[in-house]
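A.B. asks: Going down the list, the protein sequences come from chains X and L.
Letter 42 of the first sequence, counting from 1, is numbered 42 in our numbering, and no numbers are missing.
Letter 54 of the second sequence, counting from 1, is numbered 54 in our numbering, and no numbers are missing.
Please note that the accuracy of each hint is not assured.
What the hints assert, rightly or not - Distance windows between CB atoms, simulated: (1) Leu-39(X) - Ile-20(L): 31 to 37 Å; (2) Thr-76(X) - Ile-20(L): 38 to 44 Å; (3) Leu-115(X) - Glu-26(L): 36 to 42 Å; (4) Lys-68(L) - Ser-58(X): 24 to 30 Å.
What the hints assert, rightly or not - Just so you have them, the derived chain L footprint on chain X, three or more residues with Cβ under 8 Å: (5) 46-59; (6) 106-113.
No wet-lab data here; the hints were simulated from the structure.
Beta carbons are placed, not taken as given, at the ideal position from N, Cα and C, and that holds for glycine.
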Amino acid sequence: GAGVSQSPSNKVTEKGKDVELRCDPISGHTALYWYRQSLGQGLEFLIYFQGNSAPDKSGLPSDRFSAERTGGSVSTLTIQRTQQEDSAVYLCASSLVTGKSGELFFGEGSRLTVL
Amino acid sequence: QQQVKQSPQSLIVQKGGISIINCAYENTAFDYFPWYQQFPGKGPALLIAIRPDVSEKKEGRFTISFNKSAKQFSLHIMDSQPGDSATYFCAAKVGGGSQGNLIFGKGTKLSVKP
Numbered sequence: 001g002a003g004v005s006q007s008p009s010n011k012v013t014e015k016g017k018d019v020e021l022r023c024d025p026i027s028g029h030t031a032l033y034w035y036r037q038s039l040g041q042g043l044e045f046l047i048y049f050q051g052n053s054a055p056d057k058s059g060l061p062s063d064r065f066s067a068e069r070t071g072g073s074v075s076t077l078t079i080q081r082t083q084q085e086d087s088a089v090y091l092c093a094s095s096l097v098t099g100k101s102g103e104l105f106f107g108e109g110s111r112l113t114v115l
Numbered sequence: 001q002q003q004v005k006q007s008p009q010s011l012i013v014q015k016g017g018i019s020i021i022n023c024a025y026e027n028t029a030f031d032y033f034p035w036y037q038q039f040p041g042k043g044p045a046l047l048i049a050i051r052p053d054v055s056e057k058k059e060g061r062f063t064i065s066f067n068k069s070a071k072q073f074s075l076h077i078m079d080s081q082p083g084d085s086a087t088y089f090c091a092a093k094v095g096g097g098s099q100g101n102l103i104f105g106k107g108t109k110l111s112v113k114p
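With the rest of the complex left out, here is chain X:
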């Protein structure tokens, strides 16, 4: 596809369950970002992958959150033992490492609801 693809688009889960959210970045984009969007809270940075470098995990809110990026392409964000406060839209974005503008291209997000 031409854009960033995220799945699932909607996920409803019960408190305490684990969830996995997937991101397919734009082909050729070596930088990949995860953000969380909660109502009234803007876009909260979670984690950033750049090529083969160690990821910047400084935004992960707790050790229940983790992410990996396999083969420099697809990324999975995992939330273990979900809590109600994890309910949000999780946005993935990618960008070109050589891009002067640093423009981020976002997917449409995965809406997570924890009951």
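Starting from the known structure of chain X, arrange chain L on it as the hints suggest.
C.D. replies: Using the frame of chain X, we list chain L on its own:
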């Protein structure tokens, strides 16, 4: 230091009017300031961006004004249209390339009334 403060939280403007959204930052190392536009159910998309070596950048009806000494920047939408109704996010970054992450403001929901 890493925050970008955005105001107002919401804004209602009549068609044809000027929409103004303001942002302020503390980290003087920030050197790239983009604005993103988000429609409901969609991801944010880059609208316009500025670097601190200029005080103003205009693209069509959209203008960024940048005040380096005050550490503030703003988005002006001239001749606002109902199709401009969206949430707008300011952001800031250290380094203009793709290194590092963008720090976003909390967003402004703009409604343009016909």
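A.B. asks: A separate judgement is required for each hint: does it hold in the structure or not?
C.D. replies: Structure-based check of all given hints:
no. : hint                               : in the structure
1   : Leu-39(X) - Ile-20(L): 31 to 37 Å  : 24 Å, violated
2   : Thr-76(X) - Ile-20(L): 38 to 44 Å  : 40 Å, holds
3   : Leu-115(X) - Glu-26(L): 36 to 42 Å : 39 Å, holds
4   : Lys-68(L) - Ser-58(X): 24 to 30 Å  : 26 Å, holds
5   : 46-59                              : holds (count 4)
6   : 106-113                            : holds (count 4)
Hint 1 alone, counting from the list given before, is not met by this structure.
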